[in-house]
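Novice: Residues per chain are reported as follows:
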Amino acid sequence: MIEFREVSKFYDTVTALRSINLTIEKGEMVFLTGPSGAGKTTFLKLIYAAEFPDNGKVMVSQWESDKLNGSSIPKLRRNIGVVFQDFRLLSNRNVFDNVALALRVRKVSEKEIKPIVLDALKMVNLRHKTDGYPSELSGGEQQRVVIARAIVGDPAILLADEPTGNLDPDTAAGIIRIFKDINARGVTMLIATHNPLLFRDTGKRVLRLDNAALIREEQG
Amino acid sequence: MSYSVRVAFQSLWHEKWINFLSMVTIAMGLLMIALVSSSIYNVELFARKLPEKFFVVAYLNDQVSEQDAREMIASLKEQKIIEKITYISKDDALKELRASLKDADYILEGLNENPLPASIEIRFKKEAVGPNTIKQFVDSLRKMRGIDDVQYGEKFLLSIHSIKAGIETVGLVLTGVMVSGIIFICYSTVKLLFYRRREEVETLKLLGATRGFIRAPFVIEGGIIGAVGGLLSAVIVFGFYYGLFLKLSAAIPLIRSVIFPTQFFLLLPVVGLGLGITGSVIAMGRIRFS
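The listed protein sequences correspond, in order, to chains A and B. The working numbering numbers the first residue of the first sequence as 1 and each following residue consecutively. The working numbering numbers the first residue of the second sequence as 1001 and each following residue consecutively.
For the record, the hints were derived by calculation from the structure and aren't laboratory data. Since we're looking at a predicted model, the values are computed, not measured. Each residue gets a CB set at the ideal place from its N, CA and C atoms; glycine is no exception. There may be inaccurate statements among the hints.
Computed Cβ-Cβ distance ranges for the label pairs, DEER-style [said to hold, decoys possible]:
| no. | chain 1 | residue 1 | chain 2 | residue 2 | range |
| --- | --- | --- | --- | --- | --- |
| 1 | B | Ser1180 | A | Asp54 | 52 to 60 Å |
| 2 | B | Arg1288 | A | Lys26 | 50 to 58 Å |
| 3 | B | Leu1192 | A | Gly140 | 31 to 39 Å |
With a straight-line cut-off of 35 Å between C-alpha atoms, the simulated DSBU-like cross-links for lysine-lysine are [said to hold, decoys possible]:
| no. | chain 1 | residue 1 | chain 2 | residue 2 |
| --- | --- | --- | --- | --- |
| 4 | B | Lys1191 | A | Lys75 |
| 5 | B | Lys1053 | B | Lys1155 |
| 6 | B | Lys1191 | A | Lys114 |
Derived, one-sided and incomplete: chain B residues facing chain A with beta-carbon distance under 7 Å [as the list claims (entries may be wrong)]:
| no. | residue |
| --- | --- |
| 7 | Glu1200 |
| 8 | Ala1216 |
| 9 | Phe1240 |
| 10 | Tyr1242 |
| 11 | Phe1245 |
Given the sequences, and given the hints that come with them, work out the whole structure.
Specialist: This is the structure we're talking about:
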């Protein structure tokens, strides 16, 4: 489903990622960990084509990073749900519209959108906040809106960048439960986190990044 | 209502002051275009009627018999630019003069013989009436045997043609400047809106929106701004027409001859729409995904 072949990424003189080789199978749930600045966010960005490798190649489903262009990038991104570290919620739209945006870019008709969005909000326990605006929500609630937006389009892959950062342990545990439910539906998942509590005792693969390189692979 | 249209209307309302100002400015620009183009239209109409009224008179000397004159006419008619040639004999000329003098024709009584020359009146095909063609024709006519003098409104023809060319040039330049100005207004309005919503645009890109999906609300918004500007200018133009022009033309005959191109003015909102869309498309340029 996701394959990195000798992938390197540089920002000016800084090496963000060095010679990464990796395969993530369809339906797998994988954690990506490491200290801040280890290259976790860049790793995820390479998957949803917000960044491109300077060396090597990233393959996601049928797409290859060196063959992507203006018309194939949106298609690739519509197959991936992303839980952004900075949320990227639109402050002037309510919860419903923020989540619905992921369906509107997929050209889902307005008639079909309502039940699908309400289902996604129910899954993250935010059905009662449909009309609220992001500024009226707590950090944990905003995080769950982002998750709802990431899964509402039924993507084959879900990427989450520090999905529990700044959240209290109970809220974090709730979010992990949601992720497990999503994974149980067959969605391939890659979760970047520096919080070991998230993957401990999960039995899932944990990839450890340090100093721009994939240094170890372990079992959570 | 489609999502793009809804977003466009929300943004129009949200940024109502900047959008309203753009609409008014566009209306003023289109008003100028309307004014300039109706001037060109009227000059064009006037100049188009001119060939029908224009003619050249060649006076024949007395040695030329009517038979010779008929032959001369036949040979002149072979030229492609000629529409019609009328022969006016010495007697006809005198009759005409007598008729035009009406009651004052007693002044002709002392004449022993007819002093008026015979003449031919030459009219041209519409497309041939231009200062150069006519001058060339008149020059060759003057060289012909039996022709004493040739008269035509040379200066009039020249000045009308230079006025027409001048108004057309100034009009085209002004229209060009105004069209560019309107496109620029739409361009900068949409650029500003695009800049204010850049975070939204970035998020849309990351969610997998296509270029068309991202552009649509901005193009719709730009189009509406242009169209409303056009509508506003049309309202002003028609307000002027019904409120002032009709009353003035009833009182002043000169104004009555001015033609008001109503159909063109009805197109102003469409022109505004087109310019608005053009400005918006240019403002967004190429949307990059990485």
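Novice: Mind listing which of the numbered hints don't hold for this structure, in increasing order?
Specialist: 1, 2, 8, 9, 10, 11
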